[in-house]
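A.B. asks: Read in full-length UniProt numbering, the sequence shown has 591 at position 591, and its numbers run on one by one without any break.
Using C-beta positions, here's what the derived DEER-type ranges look like:
#1 Y661 / L449: 56 to 64 angstroms
#2 M583 / P799: 30 to 38 angstroms
#3 K664 / A745: 54 to 62 angstroms
#4 G159 / R184: 17 to 25 angstroms
#5 S669 / P799: 40 to 48 angstroms
#6 H522 / Y807: 42 to 50 angstroms
#7 L449 / P799: 54 to 62 angstroms
#8 T407 / R297: 43 to 51 angstroms
#9 K518 / P193: 31 to 39 angstroms
For the record, the hints were derived by calculation from the structure and aren't laboratory data.
Cβ coordinates follow ideal geometry from the N, Cα and C atoms, glycine included.
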Amino acid sequence: MDLVASPSRSKSKPRSSPAKPVAAPAESRMDLCTPSKPTPRRKSKTTASPAPMSPATPSTVRRSRRLLETPTKASPEVQVKATPISRAKRTAPSPKTPVQRETKRQRRHPRKRAYYRKVVYDGGEFEVGDDVYVKRRETAESDAEDPEEEECRVCFRTGGGVMVECDACLGGFHLRCVRPPLRRVPEGDWACPYCEAERAGKVVERPRPPEGKRVVRTAKEKLLSSDLWAARIESLWREPDGTFWAKVRWYIIPEETAAGRQLHNLRRELYRTNDLADIEMETILRHCSIMCPKDFRDANNGGDDVFYCEYEYDIHWHNFKRLADIDDEPETKEDLSDEPYNAGDDYNSDTDEDSDYDEEEESTSSFSVRRNQSHESAANSRKGRIYGLQKIGIQKIPEHARCHQKTELEKAKATLLLATLPKSLPCRDKEMDEISIFVKDAICNNQCLGRCLYIHGVPGTGKTMSVLAVMRRLRSEFDSGTLRPYCFIEINGLKLASPENIYKVVYEQLSGHRVGWKKALHYLTEHFSGGTKIGKQANQPIVLLIDELDLLMTRNQSVLYNILDWPTKPNSNLVVIGIANTMDLPEKLLPRISSRMGIQRLCFGPYNYRQLQEIITSRLKGIDAFEEQAIEFASRKVAAMSGDARRALEICRRAAEFADYRVKQSRQSAQTTVSAKKGDAVVSMGDIEAAIQEVFQAPHIQVMKNCPKFGKVILVAMVHELYKSGLGEIMFDKLATTVFSWCHANRELLPGYDTLLKICCKLGESKIILCEEGSKHKLQKVQLNYPSDDVTFALKESPDLPWLSKYL
Numbered sequence: 001m002d003l004v005a006s007p008s009r010s011k012s013k014p015r016s017s018p019a020k021p022v023a024a025p026a027e028s029r030m031d032l033c034t035p036s037k038p039t040p041r042r043k044s045k046t047t048a049s050p051a052p053m054s055p056a057t058p059s060t061v062r063r064s065r066r067l068l069e070t071p072t073k074a075s076p077e078v079q080v081k082a083t084p085i086s087r088a089k090r091t092a093p094s095p096k097t098p099v100q101r102e103t104k105r106q107r108r109h110p111r112k113r114a115y116y117r118k119v120v121y122d123g124g125e126f127e128v129g130d131d132v133y134v135k136r137r138e139t140a141e142s143d144a145e146d147p148e149e150e151e152c153r154v155c156f157r158t159g160g161g162v163m164v165e166c167d168a169c170l171g172g173f174h175l176r177c178v179r180p181p182l183r184r185v186p187e188g189d190w191a192c193p194y195c196e197a198e199r200a201g202k203v204v205e206r207p208r209p210p211e212g213k214r215v216v217r218t219a220k221e222k223l224l225s226s227d228l229w230a231a232r233i234e235s236l237w238r239e240p241d242g243t244f245w246a247k248v249r250w251y252i253i254p255e256e257t258a259a260g261r262q263l264h265n266l267r268r269e270l271y272r273t274n275d276l277a278d279i280e281m282e283t284i285l286r287h288c289s290i291m292c293p294k295d296f297r298d299a300n301n302g303g304d305d306v307f308y309c310e311y312e313y314d315i316h317w318h319n320f321k322r323l324a325d326i327d328d329e330p331e332t333k334e335d336l337s338d339e340p341y342n343a344g345d346d347y348n349s350d351t352d353e354d355s356d357y358d359e360e361e362e363s364t365s366s367f368s369v370r371r372n373q374s375h376e377s378a379a380n381s382r383k384g385r386i387y388g389l390q391k392i393g394i395q396k397i398p399e400h401a402r403c404h405q406k407t408e409l410e411k412a413k414a415t416l417l418l419a420t421l422p423k424s425l426p427c428r429d430k431e432m433d434e435i436s437i438f439v440k441d442a443i444c445n446n447q448c449l450g451r452c453l454y455i456h457g458v459p460g461t462g463k464t465m466s467v468l469a470v471m472r473r474l475r476s477e478f479d480s481g482t483l484r485p486y487c488f489i490e491i492n493g494l495k496l497a498s499p500e501n502i503y504k505v506v507y508e509q510l511s512g513h514r515v516g517w518k519k520a521l522h523y524l525t526e527h528f529s530g531g532t533k534i535g536k537q538a539n540q541p542i543v544l545l546i547d548e549l550d551l552l553m554t555r556n557q558s559v560l561y562n563i564l565d566w567p568t569k570p571n572s573n574l575v576v577i578g579i580a581n582t583m584d585l586p587e588k589l590l591p592r593i594s595s596r597m598g599i600q601r602l603c604f605g606p607y608n609y610r611q612l613q614e615i616i617t618s619r620l621k622g623i624d625a626f627e628e629q630a631i632e633f634a635s636r637k638v639a640a641m642s643g644d645a646r647r648a649l650e651i652c653r654r655a656a657e658f659a660d661y662r663v664k665q666s667r668q669s670a671q672t673t674v675s676a677k678k679g680d681a682v683v684s685m686g687d688i689e690a691a692i693q694e695v696f697q698a699p700h701i702q703v704m705k706n707c708p709k710f711g712k713v714i715l716v717a718m719v720h721e722l723y724k725s726g727l728g729e730i731m732f733d734k735l736a737t738t739v740f741s742w743c744h745a746n747r748e749l750l751p752g753y754d755t756l757l758k759i760c761c762k763l764g765e766s767k768i769i770l771c772e773e774g775s776k777h778k779l780q781k782v783q784l785n786y787p788s789d790d791v792t793f794a795l796k797e798s799p800d801l802p803w804l805s806k807y808l
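Please work from the sequences and hints to get the whole structure.
C.D. replies: Rendered as structure tokens:
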């Protein structure tokens, strides 16, 4: 079992981005052919001396060696064969290249970047998605030293038998050199005698190499001692001058984060960052393997260049997020490029494996594994998923369908999606300025004591998007150096299984470690109360954004009390921003909680039709697909109902789908591919009317209109009570009391409990409301299954109950 030792680790300050390495000569031999035997992503350790390189040498022993001193020139027999990837979706700026004279033909037809899925460089095969070692310093002569075998930390010799790795110092030891000697590799965790003695508090002197012998460090040791970078290749391309470049995503060791190395960190643990950079291929040394927890536990024979990664570290906001959560998030940006889609842009990547790991906290020892000397396959290989799709019968999309250029209506449909991130947020400048002043005062002026901001407003008024836009603006100020570092944590109450889980999420993002909510509450209380701090930069401000704050309410309201009590502690440096739909939520809390929430509030009123029209127009900027009257008509219709911008965008998107379908049907009927007339290829008033009818005349709205008289009273009473309480559900007993009071005040016949229960059961059968089991009788909880706007639209003008409109 081949393992290597790790020298003493030196602390290093966090970095934002590594300096761009110096480009090496461009004459280095570069081959873009796919070899018959791919080079492994990491080396395999052997106990004997490696055999000379030959065509018969297995691919698992062959390694990419870089001749940094005298690069060889390209051989005329080398053929360049590769299918370049289209330039679509490539927005990275071009690196600086030497200025060369251009001929007249080159000026007429300038050369462009050529993107590749795979590049073979000096015998080393590099592919998009691979993990590699990257040079960290420009003049590091030790980077050229990469021993094939490690040395025993006792006899300082290579080979000569099986070696075992210490789980504490990562040092490699011959079985015979350990005292007492080992007959076989031990199962489970094992620590060398020197580490065991140090844990016991004894002074230990480790063996030193013989006089005159120089210890050569492996790539793993250099990475863990901050002498090399680790990175993941995101894209590969060739510049017009012939140099090859790569866009990489950096990994960092725990010492380089704001939290520093914690007790739960493994020796081989790395953090993936959101920091990207363009580097030359000359700076890439060779492959390594960075695995998710599930693969890392099974990598007993994965070689020495295997590392563990479970979290992504945000270098701007200094928080941690689990990779499984990031990979499960949908894309928020839609590509609206005018260039046709090229199938060559897609490449096989496998990041979904991280999402399979969602276990409770495990001890550090369960992840400590032994490295053996033989492993034939690349542990971090991202090949093979396409073969699985072929086995289950997935067919390839035709090229002519994928290369179709988007029309104006198709672009409009894409940009009007609710998941699309807008370029700007109009009509909320005043509110955004107030949020910005609040956060800046807390960060820059050290006014964090008792700082809480409560933001409320009806749904769809841009509350969450305004806060996130402000935080992105402050992030750019931090990048420019005009704002001090801070930590930003965003939590949505809808994503929490229970209110108490918010402790786990906050602690996990601060420390990069998962614990139970009770332990997390204890650690967070210690941190904000001035006790044991989390991380080495514990004094930087923390901005905590809690969306859907009303979902954290419990019977004794202890969760809200703890969260709002932390900012009142001296030197807590915590700022809380809460968002909810209920205006009077603080008044409904216990006095001890409302007093801590403070009086600073920000109200987001409903949009009027002019604001909705401006929002839709800003989304469709540069896309000529709508008539002006059509946008105004949709805006006025939604503003009269609720002022929900999401509903207005959904109506316009559905209208664009109707118009696109109409245009395609007209082309098929004419049996021609000639473009339609300009007047027919835009969204008209008729399309908006059809979309409104579909949205507001849905089957569930018809059920609401045709339900019995007391069924309408129950639905309106639910909307009224849920808005007052700010909760998502209501007790049937309280709902019945409201119905009785309304009927008595408006001289209606009072129904009985059994009648109301039967009506609720009928509404539950039609899925208009959701009910608990009927055995609870008056104590069962009920909730709406559709937005309250639909109830308002359906029952605002009820002819048999005209008095209902005053409660909506």
